[in-house]
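One-letter residues, chain by chain:
Number of protein chains: 2
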Amino acid sequence: MNLSTLMFGRRLANREHEDKKIGWVEAVPAIGLDGLGSSSYGPEAALTVLIPLGALGLVYIGPVMGCIVALLAILYFSYRQTLSAYPTNGGAYVVAKENLGEYPSLLAAAALMIDYVLNVAVGVSAGVGALVSAIPSLHPYIVPLCLAIVFVVMLANLRGTGEAGSLFALPTYLFIICFLGAIAYGLVGLGLGEKAPVVAPPPLGPAAQGATLWLLMHAFASGCTAMTGVEAVSNGMGSFRQPVMRNAYFTLTIIVVVLGLLLGGVATIATAFEIGAMDQTREGYQSVLSQLLAAIAGHGAFYYIAMASLLSILCLSANTSFVGFPRLCQMVAADGYLPKAFAQPGRRLVFTAGILFLSGFAALLLIAFGGITDNLIPLFAIGAFLTFTISQAGMTQHWRRRSRRYGAKLAINSVGAVSTAAALVIILIAKFAEGAWITLVAVPVAIAVLKMIKSYYISLQRELRKPGPITLEDIEPPTVLVITEAWNRLSERAIKFALTISPDVVAVHFIRLGGPDREEGEKALREKWRIDVEEPIAALGLRPPRLMLIPAPYRQLHQPLLRLVEKLDADSPERRVAVLIPETVKDRWWQKLLHMNRAGRLRTKLVKLGGPRLTVATVPWRLYREEPPPA
Amino acid sequence: MNLSTLMFGRRLANREHEDKKIGWVEAVPAIGLDGLGSSSYGPEAALTVLIPLGALGLVYIGPVMGCIVALLAILYFSYRQTLSAYPTNGGAYVVAKENLGEYPSLLAAAALMIDYVLNVAVGVSAGVGALVSAIPSLHPYIVPLCLAIVFVVMLANLRGTGEAGSLFALPTYLFIICFLGAIAYGLVGLGLGEKAPVVAPPPLGPAAQGATLWLLMHAFASGCTAMTGVEAVSNGMGSFRQPVMRNAYFTLTIIVVVLGLLLGGVATIATAFEIGAMDQTREGYQSVLSQLLAAIAGHGAFYYIAMASLLSILCLSANTSFVGFPRLCQMVAADGYLPKAFAQPGRRLVFTAGILFLSGFAALLLIAFGGITDNLIPLFAIGAFLTFTISQAGMTQHWRRRSRRYGAKLAINSVGAVSTAAALVIILIAKFAEGAWITLVAVPVAIAVLKMIKSYYISLQRELRKPGPITLEDIEPPTVLVITEAWNRLSERAIKFALTISPDVVAVHFIRLGGPDREEGEKALREKWRIDVEEPIAALGLRPPRLMLIPAPYRQLHQPLLRLVEKLDADSPERRVAVLIPETVKDRWWQKLLHMNRAGRLRTKLVKLGGPRLTVATVPWRLYREEPPPA
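In the order they appear, the protein sequences are chains A and B.
Heads up: the first sequence begins at 96 in my numbering, then just goes up one per residue.
Heads up: the second sequence begins at 96 in my numbering, then just goes up one per residue.
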């Protein structure tokens, strides 16, 4: 049991892939946290835009949230159709690739990837922001707290999606029960005519201006952040166990219904109890959900439990990205648009490269912005709505290519495509100056990078392609150059191996010193070589290996060696050259400090600079694990 | 012309070694800065201890500095003898090794190494401290300034000692001229009876206590820091050009005479003008040399030029360590007590590893102490005096072993040994509580590490030793396993090479997928293999390579491969096994990101975990530089 096993669990076999998939119970916490967490900042964002209207704002919050809930309902039915049409993976990338072509699919991929990275940064910093406003003494530790949460979520996901789901199940279901319960209790109370809040929310300010279409558009655009996370189920299809469709439907339904109920309930109760958003920068700030809970249930134990569950799911809402991003990258990498490493399942059958990249990039964003990523929120809704629109447009195309029987389905996806496109346009216009333009720069850059990677792989494949059978000119054994530093058991092994693969063996010894000692040393070496190597081998009737002494005046071995190889190549072009480098294998880190790694460096240089006819081999000697040394 | 050539200069050949050596003109700045810089803090340190005596302290500073100058004179004559007895290298390590044995030499080596590292940290932070007190707005940048200076000195020394000497010549000679000139001018003035200082130093405080032996011992111990750096010439012998002795004598003489004149002059003038040390922590602090210059010459342009030269040589006094430390480490490493890398001359024939280690360790100390290393000063004199004593004791032994003719020389070194040992005892007692005890811990730890390294190399040598001639059992060609991912030009090359070294070639293909696709894929692969490889090779009358499909259920290739090797070894113990891994050579960093480096990782694992009979070779394919791909 080593450290990695302790941290990540044992290595899983390919056939265990099915066992690690998840049902809807784990999927709601694993995939749904982004969607559910949105219920806290969606209404808050819309109400914040309405602050200038004062109490008048409450007249409009109902209709604005109504539009959003209606859009959510349209999206729900649209995505149900996507799931049933693409039961293995219904992400926008796949739908766009199959129905719309390369560039739309890359657009979807780029938008989704940016969205996922932003979701981690924004989610974690929002959660930590809430935590810090609850416990102000934590304020100096915002960045370390953010990084710690990213690290925990990363570790949970490196163990596996199921593990993350189980780990996050308690706060998720607690959150659902607390908030749906509170809203139901509040609505029942309102129905029974109890109009007085338990703890009254702070009074709303006076109206500073009248309602304009621009303001309402802005409120709608801000409220739309509540809908990010809905596409997550379609991207996470690969993680569901059998019956896949049932698990996916259940998960999507739970997420959307809970989100819809929360949004609708919050809007209704806020209107009834006259709850508005407060200025975050002022002292005494309370979030809309905090005011709402207090109005319904007072500041008792329930309030604190519910708020703690909200805080937990905000912090953990990053997990949605950890489910979707690596799977998306795997598909994109399998198509050659991302490095192959993203397509390689790791120790626990999760896509390690994607998880590490996502964590690293989000951590960089969090460090760069000091853990305060409010400015990134506008960018974030755009990615989501771009994805929605492309996915629905793809589905429209999907149905159109089929027969007329699918008229109803076509209609649903068309409504979805048109309405999300309309919302996208509204968001783009309303949020353009606030940073939405950054997305318009980042997405094309990302697409260009993806295309460049693809073209590298295409040229690589062309370079390596071998049409037809092997072409064999001759199979003359190579001239084998054995690098020898001294006559010891290491060089003995290398010479012995060289003799098994070729009769033409040359031992190469580098001379580094100059001066009068040099000649004497050379003579002694040649004599030792004659007695210890040449004569015994000649006695067996074999061609003895020659000893060549080569000066290395610049203390670099590869240059004189490459010159020698060139000369040998010119002298006998029919023989290739192979270089054998004896190498001691170091088991421990401190052994590496005590050895020069001359073998490794020489090998790297030769491989890099040698001609196409050169082969480089290392003959390993495992220190203290081979035959015992002679007494 | 690439970046390294620009930064470090072109790579030098071994025969250029002599050209890079230095004469006394370059040696004084390169080696002497530590010794010359000492003149600023030695008297200051002694006077600081005397502060409690008030004006009475001036009575004692003369005798205290007199003792120190006398000790310096003894040391000068002692070291002259050492230089002439050991003209190639007269460092304490060599002298102790030749005359006193292993442990004294390791004691000298450990003391010197610690001393050199401390000298860099203390010198640089003292220089930056002086700079910051001159320009207070630099205060927030103490650590970056320290690191920048270490970096500049490191870079200069990576280019070569001569380059560092030339670079630092101007401030060094300017310092010598300014201060010797000022002191001569002051002394002449005093001789002519001008008793009034140009700018009067601040009045000395009242006597808080009377002079005690303890206080005077303490003043002497503090003043002895002025003598660090005297041993540097003996350690730097290897860097002098012909005539070595003359250059070494000149350098030693200049350093010691200038230092002696400065110490004596400062003491005399300070007594005459009533200059004492001031409390560094109080506002309006001025160093002793600053008060002295102002008293002699006023606050004119000369004052600023002289102070600037002092500041420069303080900052650069670290350079002495950069000359001595790498040469010391080279000798210790050549004897096997330090990693071999320390004995390897780099691109510019300097000992790169030693320079980098010294810079890194000093930088760590500077960062750890925030650039304020005052507390390390007591440690620092101990290393120097320990070295003096061992070196002189070794010389005593050296002369005693020879005939009686050397009685005078024996006497001089004996006086040196006894007086430095006495000074060492005084320093140890006076400074014990201030941190001198740390040296008593650090030195034995360093010696233990040196001994452990030596014992590793001894056991390594025993492990690798091959007494007698080669023992050749059989030269049966090995079974060659060629790793093939797909049939392409990469695997074609590897198969072709395999056929040249052995008739027994097996192509190994790993199967990672399970399920129904697998069988179909396997069949297609076998068919392609038969047509493209087996049949053409059989047609040439050769044994065609078999194709083995091996499942890799855990996505790691080395485990199934090692199992196969074990099986082959058991089946035919007379044949060794060689694994050939085809590898694409990546020229650019971004190519590494786009490839999985599966070849490299497999190679590392096989070399580490394979048995002694396994050889691992890579067959390189240089992307885009080999034959053009087929049209």
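In short, the hints are calculated from the structure, not lab data.
Careful: at least some of the hints might be erroneous.
One copy or two, either will do: identical chains are not told apart, so a pair holds if it fits within one copy or between any two.
In the DSS-like style, the derived pairs of lysine-lysine whose C-alpha atoms are separated by at most 25 Å in a straight line are [unchecked claim]:
hint, residue 1, residue 2
1, 435, 115
2, 591, 561
3, 561, 681
4, 687, 561
5, 703, 546
6, 504, 546
7, 618, 703
8, 115, 700
9, 623, 546
10, 687, 700
Verification of the supplied hints:
1. Proximity of residue 435 to residue 115 under the C-alpha cut-off of 25 Å is restricted to the intra-copy arrangement: shortest distance 23 Å within a copy versus 50 Å between copies.
2. With identical chains, the CA atoms of residue 591 and residue 561 are at most 25 Å apart between copies only, with a shortest distance of 14 Å across copies and 35 Å within one.
3. Taking the closest pair of Cα atoms, residue 561 and residue 681 come within 25 Å of each other only across two copies (20 Å); inside a single copy the shortest separation is 38 Å, beyond that limit.
4. Taking the shortest alpha-carbon separations for residue 687 and residue 561, only the inter-copy value of 23 Å comes in at or below 25 Å, while the best intra-copy value is 40 Å.
5. For the homomeric pair residue 703 and residue 546, neither the shortest alpha-carbon distance inside one copy (28 Å) nor that between copies (39 Å) is at most 25 Å.
6. For the homomeric pair residue 504 and residue 546, neither the shortest alpha-carbon distance inside one copy (33 Å) nor that between copies (81 Å) is at most 25 Å.
7. For the homomeric pair residue 618 and residue 703, neither the shortest alpha-carbon distance inside one copy (34 Å) nor that between copies (36 Å) is at most 25 Å.
8. Within a single copy, residue 115 and residue 700 get their C-alpha atoms no closer than 44 Å, and across copies no closer than 28 Å, so neither meets the 25 Å cut-off.
9. With identical chains, the CA atoms of residue 623 and residue 546 are never at most 25 Å apart, being 61 Å at best within one copy and 31 Å at best between copies.
10. Taking the shortest Cα distances, residue 687 and residue 700 sit within 25 Å of each other both inside one copy (19 Å) and across copies (16 Å).
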